[in-house]
Every structure is written in C-alpha cells, then in structure tokens.
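*Asks:* These protein sequence lines are chains A, B, C and D, in that order. Positions 0 to 313 (numbering that gives the first Met the number 0) are the ones given, in order, by the first sequence. Positions 0 to 313 (numbering that gives the first Met the number 0) are the ones given, in order, by the second sequence. Positions 0 to 313 (numbering that gives the first Met the number 0) are the ones given, in order, by the third sequence. Positions 0 to 313 (numbering that gives the first Met the number 0) are the ones given, in order, by the fourth sequence.
What the hints contain is simulated information worked out from the structure, not anything from laboratory work. A couple of the hints might just be wrong.
Since the list gives no way to pick out one identical chain from another, each pair is judged satisfied if it fits inside one copy or across any two copies.
Said to hold, decoys possible - Mimicking DSS-like on lysine-lysine, the simulated pairs with C-alpha atoms at most 27 Å apart in a straight line are:
1) K268 - K92
2) K58 - K29
3) K92 - K164
4) K254 - K144
5) K29 - K144
6) K58 - K144
7) K92 - K144
8) K58 - K164
9) K29 - K268
10) K254 - K92
11) K29 - K52
12) K268 - K144
13) K187 - K92
Residue-level listing of the chains:
There are 4 protein chains.
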Amino acid sequence: MTFFKTLAATAVGLTFLAGSALAQECAPSKWGADDELGSANLVSPERTLEASKLIKQGKSVPLGIVIDSSTPAFPPRGLSLQVVQPNQQGGQKLFAFNGNYNDDLMQLWLGIGSQIDGLGHLGENGLYYNCLDEKEISQITGLTKLGTHNIPPLVGRGVVIDMTKHFGVPALEAGQFFTAADIQEAAKAQGVEIREGDVVLFYTGWTDTKLESDPVAWVSGEPGTSEDAAEWLAAQNVMAVGSDTWGLDVVPPEKEGRPFYGHVILLKKNGIYILETMNTGLLVRDGVTEFMFVLGQARVRGTVQMIINPVALY
Amino acid sequence: MTFFKTLAATAVGLTFLAGSALAQECAPSKWGADDELGSANLVSPERTLEASKLIKQGKSVPLGIVIDSSTPAFPPRGLSLQVVQPNQQGGQKLFAFNGNYNDDLMQLWLGIGSQIDGLGHLGENGLYYNCLDEKEISQITGLTKLGTHNIPPLVGRGVVIDMTKHFGVPALEAGQFFTAADIQEAAKAQGVEIREGDVVLFYTGWTDTKLESDPVAWVSGEPGTSEDAAEWLAAQNVMAVGSDTWGLDVVPPEKEGRPFYGHVILLKKNGIYILETMNTGLLVRDGVTEFMFVLGQARVRGTVQMIINPVALY
Amino acid sequence: MTFFKTLAATAVGLTFLAGSALAQECAPSKWGADDELGSANLVSPERTLEASKLIKQGKSVPLGIVIDSSTPAFPPRGLSLQVVQPNQQGGQKLFAFNGNYNDDLMQLWLGIGSQIDGLGHLGENGLYYNCLDEKEISQITGLTKLGTHNIPPLVGRGVVIDMTKHFGVPALEAGQFFTAADIQEAAKAQGVEIREGDVVLFYTGWTDTKLESDPVAWVSGEPGTSEDAAEWLAAQNVMAVGSDTWGLDVVPPEKEGRPFYGHVILLKKNGIYILETMNTGLLVRDGVTEFMFVLGQARVRGTVQMIINPVALY
Amino acid sequence: MTFFKTLAATAVGLTFLAGSALAQECAPSKWGADDELGSANLVSPERTLEASKLIKQGKSVPLGIVIDSSTPAFPPRGLSLQVVQPNQQGGQKLFAFNGNYNDDLMQLWLGIGSQIDGLGHLGENGLYYNCLDEKEISQITGLTKLGTHNIPPLVGRGVVIDMTKHFGVPALEAGQFFTAADIQEAAKAQGVEIREGDVVLFYTGWTDTKLESDPVAWVSGEPGTSEDAAEWLAAQNVMAVGSDTWGLDVVPPEKEGRPFYGHVILLKKNGIYILETMNTGLLVRDGVTEFMFVLGQARVRGTVQMIINPVALY
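Could you put together the complete structure from these sequences and hints?
*Replies:* Next comes the structure, spelled out in structure tokens:
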C-alpha cells in the first residue's frame, strides 16, 4: 500500500495549491494554529469546581435519548443491531460452568439521535475549524485531525432555556426560529445567566411532541436557532450549544439557501461543539435551569460525530 | 412478518418448559423479580451528593481509551470506520455558502476497548441476571430485557486500587490473579475504603505496558480478579467493578475450565456492572484514590455492551 | 485466542454427546458420508453438453432481480449500500491524469432477493445435510462445512413450469400451494419433461404482480410447493428447485406448524439446492420451457446463502 | 427529506457549470449518448450461439476465487461475515418439526477478490463512461447511472492467453508489463484469435504463486497490461478484459504517475468491462484457449463493482 499512499500523497500535494488559495477565508483559532479542541479548552479546574457546586439535590439525568433501527435520521443515515451467541449454536454451553453469553454488533451512522458534532463535521469553502482543509483531514478511514476521540470530557456548567415558555406554546413549530434577542429575553425571564464556558441547551418541545407521533415530520424540519443566535452564543464564549432537535439550526432555514449555517458559525468559525437531540424536557419538567454537565463520549479514532448521552447533575 | 412471529412465539412457548426446569438454579434479584437494573439501583441522591464532594481539584479524566480498527479484541470482534462526504463528490459545495461536511459510519462489535458489560452479557445454564432466560431475551435484533440503553447514568463514588504497588511490580502478568485478601490488603495499605454503591477500579499496568507493545499478548491473556475476589466485591454491594484489562477476570483462569466466572458472579448473580479497559493509569499517576465517577453510555435499544468513556472527577 | 478456542472446543466435545443421540434421525448422503455438495454432484460433462444444445436462439436472460435497500426481506434481513470516493474529498483528482474513482461498500444479509440456499441453511433436530451437526459447522465467522463457496458452478438443463397457466389465473395467491400432481399435470400439459439433474423453476406470477405493488404482502406470504411436491421433486433427482417467490414453500404453510418444511426435504434430506426469487416471468413471456442454466455464485468462504443472478440460455 | 434533496439538487445544478466545461474532454459513446452498457451491447444471439459451440468437453470451471476476511484487498477494502441462528438462542428449535436454520450477514467492500469493474468505477477529469459526470451519478446511496445491476449477463466467447508461457517464466513479476506486441505475439504462438465481443483473459501466474505465499506482496504490486495493450485491446472491440491479478494494469505502473490508466482506457473511453482476480490458471492447466464465458453478477442497484464468479464452459 505504500505505493498507493505515496502516489496519493503526491496528488494531495498538487491539489493543495488550490486549497491554499482559500486560506484567506479563515482565521486561525484563538487557541493557536495547532489547536484541534476549540472550546473544549474552556474546561478548567476552576469551572469544574464551580460546576460541581450545582449538584444540590444529588440528581442525575441522562440527556441522551434511546435510539434504534426505527429512529428517523438525516439521510442516508441508519442503524442496525444484531445480538448473537457465538459458539453456542444448538444450545451449547461454554466452559465447565455451562456458561452462555450474548455479544452485539452494529452497523450505524454516527449522526443518529443524541450526538455530538465534532469540529470536523461542517465547514465552508473546503475548510473546517482552524483552517483545516478537507483535502488534508477528511480521509476515508477517519479524520486525521479534529476526530471526536480527541475531545477531553466536556465538563462544566450547563444551563437550559425553555423556548416554549418564551413563546407560550407547548412546542415550537418547524421553521420557527429564535434569535439572539429571544434567547436573551428568555434567559432573563427564566433567571438564567449565560457565562463563558457554559453548555447552553434549549428546550423547544420538538422531540417530546413529534419524535414518536410523527417521525417523518420530526426529521423533515425543526425549530431552532437563527444565524444571529449562533453568532451571539459564540460571542459569549460558550463551550457547547445543544437542543432537543436533530440539528439545532432552524429548518427550513431562516435565510434561503443557508440551512445549517449556524453549524458553520459554531463549529468552524468558533470551535464550539453542537449537541443534538438533547433530552432537555427532563430538566424543564424538573424545574432545573442550571446543572453540572458531564460528557465522556466513546473514543473511536477519527470519528466526525459520536452518539452520546451526557449527564446532567444537580 | 406477523405470521413468522406468531409461529416463533409458539416455538418459544414450547421450549420454555425446558427453560423453567432451570429456574431453581437462580435466585430472583434483591431489587425485585421485575428488576432489570441491578446495582444501578444504588445510584441515589445521597451518594451522588457525597460523591460530588470528591471534586476537589476540579480535574476531569477520561477513563476510556482510544480505539480503532487495529485495536485487538476478543474474537470475532472488530471495528471499521468510514468518513464520507455525501453529495460532495467532485468537489461540490452545498448550499449558498459553499458548505462542506463529513459524515461517518461504522461497523463494529460493541465489546471493543473501553466498554460496559450489561447484565445480559454473561450467564450460566441459559439464565442471565434475575433469572432471565436467554430464550426469552436474547433476540437477534436486540435484547428485549437488560439492554444497556436502560441503565441510568452510573454516578457515584469511584475508587482505584493499585495492584502493581501491592505486588511491587510495574505490571502484573497474564494469569496473575488477585484475591479478596489481596484487594483488602492493598486497599488498606493505600488508604482506600470500599463502600456500598462504589465503582471499584483496579490498576494492573496491563494495558499501559502491553496494548501497544504487544497487542497479541494483550488480548490473549490478562491479570485479574480471582473468583473469591469477585465474590467479596459483590458482598460489599458495589455498583460496578472495572480494570485496565480487556476482561477483568484473570486469563488463563484461576480454576481450570472456569474462565470469566467472575463475570457470572458479578453480572448474573449480583447485578453488578463490569467496566473493561478502564484507563486507570491516569488516576494512579496523579495520586488519586477516590473520585466522582460519571458514566452516561450512548443508548441504543437492546445492546448487550456499549463502548464507553466514563469521566473521573476529583 | 488459542486459549479460548481450546476451551470452546472442549465444550463442544462435551455437548456432542447430546448431538450424537440425534444421529439416528438422519441418513448419510448417497454421495458419501463426506459429501458437502449434494446435488451439485449431478453436474456432469454429459449433462452440460446436452444442456448446451438447448441454446438455439442465442438468447441469455438474467434470472436475478434487482435489489436495493427497499427490497422487502425475511426479517431481520436488510441491505445498505454506500458509494464513496476515497482520497478525493474536496474535488481532489488522483495521479498525473486527474483520475477519479468510485468504490462501494455494503452491509447486507445474504438472504435478500434472488438467492441460493446452501445446504447449511435449513435443517431439523440440529442437523443439516449429510448429518452435519449445527454444533460443529455453524460458527459465527462462517460455516465450516456446506459453505456456498464450495458449490461448483451449477450448470445443466433448466425447465420452467407455468403454474399460472395450470390454474388459469394471472397469479397464484399467498397460501395457494401446488402438489406433485399439479406439477406433473402442468408439466405434461406444457410439454415439459423433468429429468435427473435438472434445475426446475416455477412461475407463479407472485413477484411480477406483488413485489412492487404491495411489498409488505409480497414478503408476508407466498404461493408455493406443498410437502409432497418437494418430495416428488426430490425423487426425480433434480439439481435445484426454484420459484419466483422469496421462499419456494407455500406460506402460510399447507400443514399447520410446518412452514418451510419443503426446505428440509430438499436441502437437508436430499441435498437439493433452492433458488429463490427467480425472475421466471421473463422465460414464460418468451415462450421458453427448457434452457441451459448457468450459475456461478460469488464465493465467500462459509456463507450460508448468496445473492445470485443465474443465466438462462436458449 | 424533500427539503434537503431540493437544496442539494440546486447545489448540483450550480456546480454543473464547472462540469460542462470539461465536456469537451470526452466523446459520447458509439452506442449512443444515453448508453450505460458499453461493450455489453456486444452480447448478441449470433455471438452467443457461436460461443455455445465451444462447449465440447462439457466442462465448467469457476473463474472466481474464494475470498474471506483475510483476503488482501486494495485499502481500505475489507470483508466481515457472520453466520447466526435467529430465534434459536439457547438451543430452541423452530416450528412443529424442530427446525434449525443459519442466516448470514456481511459487511464488505465490493472490490475484493474476483470482481467486475462497472463503467462507473474509474474515470478522469470528473467524468466516467459516456461523459457521465461524477457530480451527477456518484451518489452516496448508489450510482444513479452505470450501476452494475444494469449489466445484462455477459455471455460470449472467452479466450485465455498465457503470458507465463510467452515470457518463459512460472509467473510474471510485479511491475512486469506486457504490451500490445506481447499480446499479439503470445496469441499467435498459442493459436488464439482475438475477436470482436470476446472476453479476453490473461494468465500471469501472479495469484497462483503469490496470493497464499505472500499476500502483502500480492496486493502491493502486480504484473499487467501496459497502456498500449489496453489501447490495442480496446481497438479489437472486445467485451471485457481480465487477468489473474487484483487490478489488471501493471503496478508499479509502466509510466510514472499513471497507475491504472488502462482502467481509464477500457472503462471510461471504451466502455469495456474489467474482470479482476480471474482464476485463469484452471484453464491454462487444462490446456484450454477458448471457451464460452457466462457471467451473471448479483444485481444490487447502484453498485460500482460486484464480487463475481464467471463460468467458463468448454
């Protein structure tokens, strides 16, 4: 394979000329030109200690939903699981103690259900976070940079803002967006302060009301952030932004032809992680607005996204 | 499909006669005959509050290792990842803003690298935890009971016991086991108290010294717990037991013909979770013996195991 | 892994006692106690030469249908395909000549659409063809005997019998079965002689009329052979039997509680291959009753079934 | 999904401007601007009848090799198979007759072992056969044109040319190429006439001598055709060209920076199929030079390649 890799590397070298022409369209990260972690740099002993003080009732809540082969997902994503009993066909038992065991294998796309978008998920003009060129990092066998396996545990203060309360509805509609002003107003009314390093989560009611009742509608659109909302959140230097929708950004988009541009603002321009299909209804119904957020995502080298289940502690 | 399922159900019904004959070989769970959670019932507000006080330095450490297609695993387990760029072939950019994105898919067995063993992983005489019969729960499309998606976040006090210090070696050898007495002695010498509801982790040096240097040896054997160690840990009512090895129990086994019997003791008989390939070297080298343990495993319905990355906070 | 394999082998050894108790329920193959090929032994220079003379018009017809991710299949079977462009992300071209290429990967169950059932597919009492015990051959990584990779090209005389003509309907209904007498009557009326070594195919109209119009109905039932039909076909020493249905046998079954028993008769008891979802409508509409049949199935070691596309030449 | 597809279509539309600029670099197919089949158009009743007369001894030979998870393949290609027993865990039998069955699933890349390269496999400047643009046809869920499922059975006259005899060696070396002159000379010496519509196969000894003994070497290089050989074969209007190597073209390539350019000549410029890892040693050792070639590849919509096992009849 050395042969092919050498040739391929040469080809990559040649095409990089085109790549570098685009370099002006990006600014290096404030965390340094070599940084791959973005806002995960905001995890600090001080913030972790502070966040730990938010554990007052001793409660812990899973922010991940349960997914299976019928969970709707952005095409062509899907999931298939098999539970098997190796070496036990025909009722064979194993070892001297008549043992039996189940093993399991999956074929899945990682962008299903509750997921973290790594900084190599969405970009523009061929570039991802910190001017990293798709030609360089997006290898078929795994991202060579920005893989989610590199992200340290995202630990810090989490806040949840209830947009249904803000709009006075049981659930926002697909296409209904909330702006920076909406977020600030809602936060103020709900007594939530957004601080540097926070994990900011929204509750729109979308998943609670639509995922089971109308899965096709659930995945075909969603309420979400406007572009200026993403810009404003980025300006607060938050660590991650998430919602109880499959894609955070409003769909259909606020501005024609610019769906998911909030992803570019957060991931690519600011190195801020996106958390999708967060089960924030559990927090809202429990009257919680701030909590300690702990996410340890399974670490598979070079993954773009990962299915996750962050824990809210309060 | 209704047709086949009906017939299959009938077949299951018939064979259950044989199944129930074995029922005497198991005792219902102390958490009730319907319980599927086992020691996860030990998560409580009190313990979570107590554990949160162990966060003193504000540090957070990932206990999961990074895995990829070359990570050795119990056969026939394996992993394959592809990073792709849907709709972008030929350099196409998406949307009005020239967007680009990576997506990723995997084919993997879930028992690779850092993993949690659910209570439906290992049993004996056809039964799993709480007398659940393999004939009933071990469906090809996913466990109908004991799936890891049901496990609430495992949150509590974690302790790590350094067995290399106990034995005065850089790393234990494959086949070298430690007993209940060893654990008690080591814990005492290291100032570690093991309490109900704890997550008890061991450091053997096995993964730190062997995984990279000799992956075939790493997966072909391991140091680990003896049967009486598993019994004793279960008697302490711990929530989970883990180690920096791929299978916790000593391999080759302490008693001939009884490999992995500690799995039966912990999982099946006591509903205690097993955590494998925990990166405990990070804790030992940082001089930590107790910490807050937080695990939110990705929730896929009916999974037997899950690749994980618990977070140690201290 | 040697360790585990040794232990597992011992376990297998022990349980074989139970296995051998069943041995009386099977008769060794007429092709010898070591035979794995069954009726593929009927391929002979004489028959191949004879069959070649059936090529009179110079026509060739594919008997396989086109399948994709939406093709209904016996649960939990499914299929997923991805076409990717390795090393070309961002519009990169390869090599000095600006090359581009597509590659493709699939995750699939092999029993989808047009398929051959190998002799290790269906059995009874734990035994497959030639008294081969499931405990011995049905390994998780592939059949150790009876894998379809071993089957030589099935080459010989093919005949098609039009059961819609026999019953005077456009298509048979689900649950409608045809008996040995029906087959003999239809064959006689249609001028078809069934000979030793033949590949006998049926046309029921089921796939032509139902697969697209009502895929759920298509896979939930089917017209097909009765048990005595399978017995009679086996008595003719045919090489393979197929139909334009997903499972050959009538579903719901002729006899309660005995679905797919024709599979046992053909595969296990007689070593006769089954060909499913054969596109026999093409032959019937072209007025053909006999032809040269050529099947070269892709050879993957240890496969139970294989997706196929036999060629009818006439 | 309609939403995304509409947007994506627009994006495709925009980028097609760039695509059409390249249109001059290709010539429409001689079989028409809509043609997707290329040289498969050469299958004709006359040629099929002629070819059937080559069946003289009544022999049939599989040209596909047996592959498994250890078969070396062009990276990142791989294969994994699982044989399972749904609904039979714990030794359950199915139905009134105590039935048992095996089912099988695979995760595989289609370019492994014996394979056909469809006309959408390799191109240049973003174009494939008949000026088809990668931007249009190379969808992640399958090729929208040039899928191998569309190829009719490739049936016709096959010839095999023994290049080891030509060079007087047991096997050619990696990097050793044969030219148009070599082919013509060898063909003449071996009494082989190459005609329009033929399937032309080569024997180099590469797979017979290297696949098992040195699998890494086998896949790292290969003897094969020079560029002028591909040009000359195309000029003979053959239907397909194959060899007992994994990639037909010589590797390392004849001309620096132009590996696999024979693929472009055959597939893209001339619509001629490529057959890889053909087990031609069987023919050579049996003294055969011409035969009837029959290939019915399994038909999965939108596949680029397919694992195959053509049958040689003589």
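*Asks:* Look at each hint and say if it fits the structure.
*Replies:* Consistency of the hints with the structure:
Proximity of K268 and K92 under a CA criterion of 27 Å is satisfied inter-copy only: 17 Å between copies versus 56 Å inside one chain copy. Proximity of K58 to K29 under the C-alpha cut-off of 27 Å is restricted to the inter-copy arrangement: shortest distance 23 Å between copies versus 36 Å within a copy. Taking identical chains as interchangeable, the C-alpha atoms of K92 and K164 are never at most 27 Å apart, the minima being 57 Å within one chain and 38 Å between chains. For the identical chains of this complex, K254 and K144 are neighbours neither inside a copy (31 Å) nor across copies (34 Å), given an alpha-carbon limit of 27 Å.
Only within a single protomer do K29 and K144 lie at most 27 Å apart by alpha-carbon distance; the minimum there is 17 Å, versus 46 Å between protomers. In this assembly of identical chains, K58 and K144 lie within 27 Å of each other by CA distance solely across copies; the values are 25 Å between and 36 Å within a copy. Taking identical chains as interchangeable, the C-alpha atoms of K92 and K144 lie at most 27 Å apart only when they sit on different chains, with a minimum of 21 Å there against 45 Å within one chain. Proximity of K58 and K164 under a CA criterion of 27 Å is satisfied intra-copy only: 23 Å inside one chain copy versus 36 Å between copies.
Within a single copy, K29 and K268 get their C-alpha atoms as close as 10 Å, which meets the 27 Å cut-off; across copies the closest is 50 Å, which misses it. In the homo-oligomer, the alpha carbons of K254 and K92 lie at most 27 Å apart only across protomers (18 Å), although the nearest pairing inside one protomer, at 61 Å, exceeds that limit. With identical chains, the CA atoms of K29 and K52 are never at most 27 Å apart, being 29 Å at best within one copy and 34 Å at best between copies. With identical chains, the CA atoms of K268 and K144 are at most 27 Å apart within one copy only, with a shortest distance of 16 Å there and 38 Å across copies.
In this homomeric assembly, K187 and K92 never come within 27 Å of each other (Cα to Cα): the closest approach is 62 Å inside a single copy and 39 Å across copies.
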